[in-house]
Amino acid sequence: MNIFLIGYRCTGKTTVGRFLAKRLERLFFDTDLELVKEQGINISDIVSKRGWAAFREIEKRVIQCACERDNQVVATGGGAVLDEDNVKRMKDSGVIVWLKADISTIEKRIIEDNTTRDFRPSLTSKGSVEEVRETLLTRNPFYERAMDFFVDTDFMDIEAVCDTIIQKIKGVELEFM
Numbered sequence: 001m002n003i004f005l006i007g008y009r010c011t012g013k014t015t016v017g018r019f020l021a022k023r024l025e026r027l028f029f030d031t032d033l034e035l036v037k038e039q040g041i042n043i044s045d046i047v048s049k050r051g052w053a054a055f056r057e058i059e060k061r062v063i064q065c066a067c068e069r070d071n072q073v074v075a076t077g078g079g080a081v082l083d084e085d086n087v088k089r090m091k092d093s094g095v096i097v098w099l100k101a102d103i104s105t106i107e108k109r110i111i112e113d114n115t116t117r118d119f120r121p122s123l124t125s126k127g128s129v130e131e132v133r134e135t136l137l138t139r140n141p142f143y144e145r146a147m148d149f150f151v152d153t154d155f156m157d158i159e160a161v162c163d164t165i166i167q168k169i170k171g172v173e174l175e176f177m
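The end of the sequence shown is residue 177 by the working numbering, with every number in the run present.
None of these hints come from the bench; they were simulated from the model.
Relax, there's no trap hidden among the hints.
Taking CB as the label site, the calculated pair distances span:
1) Q167 <-> K91: 12 to 22 Å
2) E130 <-> E25: 37 to 47 Å
3) R50 <-> I166: 36 to 46 Å
4) M156 <-> A53: 34 to 44 Å
5) E57 <-> A160: 34 to 44 Å
Simulated crosslink set (DSS-like; lysine-lysine; CA at most 30 Å straight-line):
6) K22 <-> K91
7) K170 <-> K22
8) K91 <-> K60
9) K168 <-> K60
10) K60 <-> K170
11) K49 <-> K60
12) K168 <-> K88
13) K60 <-> K37
14) K108 <-> K168
15) K108 <-> K49
16) K88 <-> K60
Please read all numbers here as calculations on a predicted model, not as lab measurements.
We put the beta carbon where it would ideally sit given N, CA and C, even for glycine.
Given only the sequences and the hints, what does the whole structure look like? Please build it.
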């Protein structure tokens, strides 16, 4: 069984995913990092040169590869749940955990994190605050439909988020078997 982490930008998918994989002695797979490695250019360049539709097709193929493996923690891109095939594949091969954060938390994390800016091309032509609000309004229903459960990452450190996921997964694993 895989553990898929979904959620908006800067909710902790990659950071929590690495830590969780280490704690559970599983492989860690980041779909955005894998996509960049495969394509040889960053996400911003893929989107600007080829467009969002091409990016989503590449992302779909990478998620399919992740779903063909087992016993790993997978951090997905924020928009992976927009494709029903991605959600179905993830559900068929594991449990889906929605990492949530408040808009103000996300905005603060985006401003503070300049190491992964190339992984986060603009989703709209608006400023960052408006973009976060607008995109969350659109995506939250997709996250809600896809998730098996959620963890609010606003006021938790990485270890507490992992503890919560591990506790909640124990119940889901029994249903999955």
